[in-house]
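Colleague: So you can see what is in the structure, the chains are spelled out below.
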Amino acid sequence: MDVKLKRTGLDGLYVAAVGRLDLDNAVEYGSKIKNFIEDCEDPIIEVTLDFSEITFISSFGLKVILELYKQLQVQSGVIKIKSISEQLKNSFKMVGFDKFLVFE
Amino acid sequence: MFKTLRSKILAIIILMLAFLMFASVFHVYFARMNTKQLMVQNYKFSITASSFVQEIKNRIITSEDCLKSLSLIGSLYYKTDRSNDLTDRVIEKVFKNYPQALGGGIWFKPYIIDKSRKYNCFYAFRDKNNKIVIDRNFESEKYDYPNQEWYKQIISQVTPEGNIVWSKPYYENMGSYTMMVTVGTGIYVDGKLVGIVTVDWELDSIINEVSKMKPVEKTFSMYKSGKEIKNSFALFGNVKDDFIIATTDPYLDNKTITGHSLKEIPWYTSADKLYATTYITYHKKKYIPFVNKLDNGMVLIICLPKSEMFKDVNNFYFLLILTMLGIALLIPALLYYSLNRYIINPIDKLTKIAHKIGKGEDIQIKIEKPEEFAHLASTFDKMTKDIKLITNERAKITSELSVAKSIQSSSLPNVFPPFPNKNEFDIYASMEPAKEVGGDFYDFFFIDKTKFMFLIADVSGKGIPAALFMMTVKTLINNIAQLNYSPKQLIEIINNKICQTNKQGFFVTVLLGITDINTGETSIINCGHNLPLIKRKDGNFEYLQLESNIALGVFEDSKFEVYETVMNVGDIIFTYTDGVTEAINKNDEVYGETRLYDCLNSIDTPEPIEIVQRVKTSINEYSDSNLQSDDITMLVFKYNGRNNTKIFKETAKQENYKQFYNWLHTACDEWCINEELSNKLDMSAEEIFANIAFYAYREKAGMLEATLTKSDENIIFKFIDEGIEYNPLEKPDPNIDLPPEERPLGGLGVYMVKNMADELFYKRENGKNILTLVFKL
Numbered sequence: 001m002d003v004k005l006k007r008t009g010l011d012g013l014y015v016a017a018v019g020r021l022d023l024d025n026a027v028e029y030g031s032k033i034k035n036f037i038e039d040c041e042d043p044i045i046e047v048t049l050d051f052s053e054i055t056f057i058s059s060f061g062l063k064v065i066l067e068l069y070k071q072l073q074v075q076s077g078v079i080k081i082k083s084i085s086e087q088l089k090n091s092f093k094m095v096g097f098d099k100f101l102v103f104e
Numbered sequence: 001m002f003k004t005l006r007s008k009i010l011a012i013i014i015l016m017l018a019f020l021m022f023a024s025v026f027h028v029y030f031a032r033m034n035t036k037q038l039m040v041q042n043y044k045f046s047i048t049a050s051s052f053v054q055e056i057k058n059r060i061i062t063s064e065d066c067l068k069s070l071s072l073i074g075s076l077y078y079k080t081d082r083s084n085d086l087t088d089r090v091i092e093k094v095f096k097n098y099p100q101a102l103g104g105g106i107w108f109k110p111y112i113i114d115k116s117r118k119y120n121c122f123y124a125f126r127d128k129n130n131k132i133v134i135d136r137n138f139e140s141e142k143y144d145y146p147n148q149e150w151y152k153q154i155i156s157q158v159t160p161e162g163n164i165v166w167s168k169p170y171y172e173n174m175g176s177y178t179m180m181v182t183v184g185t186g187i188y189v190d191g192k193l194v195g196i197v198t199v200d201w202e203l204d205s206i207i208n209e210v211s212k213m214k215p216v217e218k219t220f221s222m223y224k225s226g227k228e229i230k231n232s233f234a235l236f237g238n239v240k241d242d243f244i245i246a247t248t249d250p251y252l253d254n255k256t257i258t259g260h261s262l263k264e265i266p267w268y269t270s271a272d273k274l275y276a277t278t279y280i281t282y283h284k285k286k287y288i289p290f291v292n293k294l295d296n297g298m299v300l301i302i303c304l305p306k307s308e309m310f311k312d313v314n315n316f317y318f319l320l321i322l323t324m325l326g327i328a329l330l331i332p333a334l335l336y337y338s339l340n341r342y343i344i345n346p347i348d349k350l351t352k353i354a355h356k357i358g359k360g361e362d363i364q365i366k367i368e369k370p371e372e373f374a375h376l377a378s379t380f381d382k383m384t385k386d387i388k389l390i391t392n393e394r395a396k397i398t399s400e401l402s403v404a405k406s407i408q409s410s411s412l413p414n415v416f417p418p419f420p421n422k423n424e425f426d427i428y429a430s431m432e433p434a435k436e437v438g439g440d441f442y443d444f445f446f447i448d449k450t451k452f453m454f455l456i457a458d459v460s461g462k463g464i465p466a467a468l469f470m471m472t473v474k475t476l477i478n479n480i481a482q483l484n485y486s487p488k489q490l491i492e493i494i495n496n497k498i499c500q501t502n503k504q505g506f507f508v509t510v511l512l513g514i515t516d517i518n519t520g521e522t523s524i525i526n527c528g529h530n531l532p533l534i535k536r537k538d539g540n541f542e543y544l545q546l547e548s549n550i551a552l553g554v555f556e557d558s559k560f561e562v563y564e565t566v567m568n569v570g571d572i573i574f575t576y577t578d579g580v581t582e583a584i585n586k587n588d589e590v591y592g593e594t595r596l597y598d599c600l601n602s603i604d605t606p607e608p609i610e611i612v613q614r615v616k617t618s619i620n621e622y623s624d625s626n627l628q629s630d631d632i633t634m635l636v637f638k639y640n641g642r643n644n645t646k647i648f649k650e651t652a653k654q655e656n657y658k659q660f661y662n663w664l665h666t667a668c669d670e671w672c673i674n675e676e677l678s679n680k681l682d683m684s685a686e687e688i689f690a691n692i693a694f695y696a697y698r699e700k701a702g703m704l705e706a707t708l709t710k711s712d713e714n715i716i717f718k719f720i721d722e723g724i725e726y727n728p729l730e731k732p733d734p735n736i737d738l739p740p741e742e743r744p745l746g747g748l749g750v751y752m753v754k755n756m757a758d759e760l761f762y763k764r765e766n767g768k769n770i771l772t773l774v775f776k777l
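For the record, the sequence lines run as chains A and B. Just so we're aligned: 46 in our numbering is position 46 of the first sequence, and the numbers increase by one with no gaps anywhere. Just so we're aligned: 361 in our numbering is position 361 of the second sequence, and the numbers increase by one with no gaps anywhere.
Simulated from the structure, these hints should not be mistaken for lab results. One or more of the hints may lead you astray.
[What the hints assert, rightly or not] Chain A side only, calculated, beta carbon under 10 Å to chain B, not exhaustive:
#, residue
1, 14
2, 18
3, 22
4, 23
5, 52
6, 56
7, 88
Yeah, the Cβ is synthetic: ideal placement off N, Cα and C, and Gly gets one too.
Looking at chain A on its own, in the form it has when it is part of the complex (with noise of 0.2 Å):
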């Protein structure tokens, strides 16, 4: 899976990943995404997921957002979830990730 990494601002970083995060990709996203932030001299705060291009979400995917979620706490970091389908909102809601995850 094609997965796109950019710093933003001090303590930000942007994710652009295009296709499904399921049993096959989404191992491979988190990983990505984790070491970026490990490998990171500053700590990252704020990332940034940029949904536009991600058609869809299992249970997979909810579960490395969930783990890097975790990563983050350590610094009192946040998710934003950017350009979010309706549909894929669901997902998130159906298990409660609306509740910590923030949606722009």
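With chain A held as given, fit chain B onto it using these hints.
Modeller: Chain B only, in chain A's frame:
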């Protein structure tokens, strides 16, 4: 020279004419020579004969003179001195003057000189020494000359005018026993007969003369000189007294016949009547008699054997016939030889070579003479080369044609079944081009997710141009069809496009159908094409009575009627081109629509491929071995109704996950499931797939069978696996109200599935986990 056939033929003709001319000249020359010779000989012979006759005449005259002299002596003796001595001397003198006379005398009537002397005669003859002897022995009682036959004969015939009387020949029995003849005349004194005078002739000399009467030497002879004509013979006779004086007839005893009647000569009567050139037949031989009548009643006939006489002429004619025969044989032989050598042989040679060339051998023709054939041979040679070139060219064209054919056939969909995972319909089509490439075509494709278009078409004309046009039309229809117009609009646009691209005046008849494979709703448009047949479920094939529209490519902006119908499960449409109904048998009768109707209704299987094959067989049987005159194209479409169940069966492992969700997406697309539900199905599918792959088949990968069934109310998603018993429904739900830091990472998936599905069932059966999800529509 003589190199050309013309000159050869001319030479042969001239040669033959020269032969003929030579023969003619030869003939004319010798014929002329012979005729001349014949004339000369005839003339010579006449002269000879007449000189002989003259000789005889002379003798007669001489003997007459002699007789007259003797008669004068006799009358003088009677009138004057009656001196015996003087008379003897005078007689002796007379005989000296007439050497031909053998003997002769003066014989007075008895007692007329002297009443006392009965016999008074003078007789002289030539002895062996040619000395004249006076013989007094005839004045004897013993001889008694007045009683001798000759005396009586002569004295009875003499007249005072001094006629000459010839006695019949007789044998003189006094001395020499030679054949004699006596001529005599009377002695008249003052008109009173006092005695007779006689001259004796020996006949042997006359016979000799007569037998010498042969045509002169060299007669009629061309080559051989001096050859006499053999077997000729002559006759000397007295016609007046009718007796034979002499003859050399080889078939008669000349000694005994002498003196007999001329009539005893067998050929005399006929010869006497004939002219010299006509022949008589005597002892099986032909003779030509030359008849000379003398004025004193004598006749001289000379008979010449015809064969001898014309021997040389015959030889000549025989030779001439031989020559002619030779020429007659030589000319055809020469002609035959020349024909063979100059015409037949070269033709044979050419024929043999033509045969060999026909078999593909590479041969140079070598004929040098005559020039005409040499020219023909070189023309032939050139022709062979040209043919080779043309053949190569043709082979190239043929190979190009076969390439064109394969391009054309590959442009038509020819893999059946064309959509293996579409069960809503079956389709089969076939095209058999009449020539290398045909003007018929068919096509079928989806114009969107559910609308399936099939068409069959016949382009006007045949061969390459028609095929090129066909390709254009086919591509055009395919492209425009994808633009999602209504059928009516679609066909109008296609027509206009074809009109615009068609400058050659081609047109195309089309039968086009568009079926919604979910509903069976079908639009059929007939553009000047053969009416299709439709078979409704449990019914017969019937011709579909469509409104016929104008063919495509004829008029721009034409309007088209569209026939709307609904195809039910099992309905079949049979479409075809006129190659089917216009297939002809050996009696030139077409296959026809009735025969097609009967054939279709005799087929007991609904399979499109079977239907096409059976019709094809029927046509082949009907048209026998006749050459196929038109493309034969058929397309059969069978509607099976909407298919509501999709099955996926594959090993449950992560590598196959992509294939699995593609299968699911295809089904959703096909059934037009909304995005929300398809997302739910997608998420559920993934979760269950992962569960089976990672938990049910924890140690060893196994089979997953997923079935998706759509009904009007819901979608049933069923999963079957043979892994360890595992009921995901038993898993406790995660607490979604916990703060995120405390939330466990697992358990989300099953929770979501439970949330999304309207109903869930699990059962373990025969070592299989069966999980059923129900989603309401």
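Colleague: Hints first: check each against the structure and report whether it holds.
Modeller: Evaluation of the provided hints:
1. 14: violated (22 Å)
2. 18: violated (15 Å)
3. 22: This hint holds: residue 22(A) lies near chain B, its Cβ roughly 5 Å from the closest one there, short of 10 Å.
4. 23: At about 5 Å, which falls below the 10 Å cut-off, the nearest Cβ of chain B leaves the hint on residue 23(A) intact, so it holds.
5. 52: With Cβ-Cβ at 16 Å, over 10 Å, it is violated.
6. 56: Holds, about 6 Å.
7. 88: Nearest chain B Cβ about 8 Å off; hint holds.
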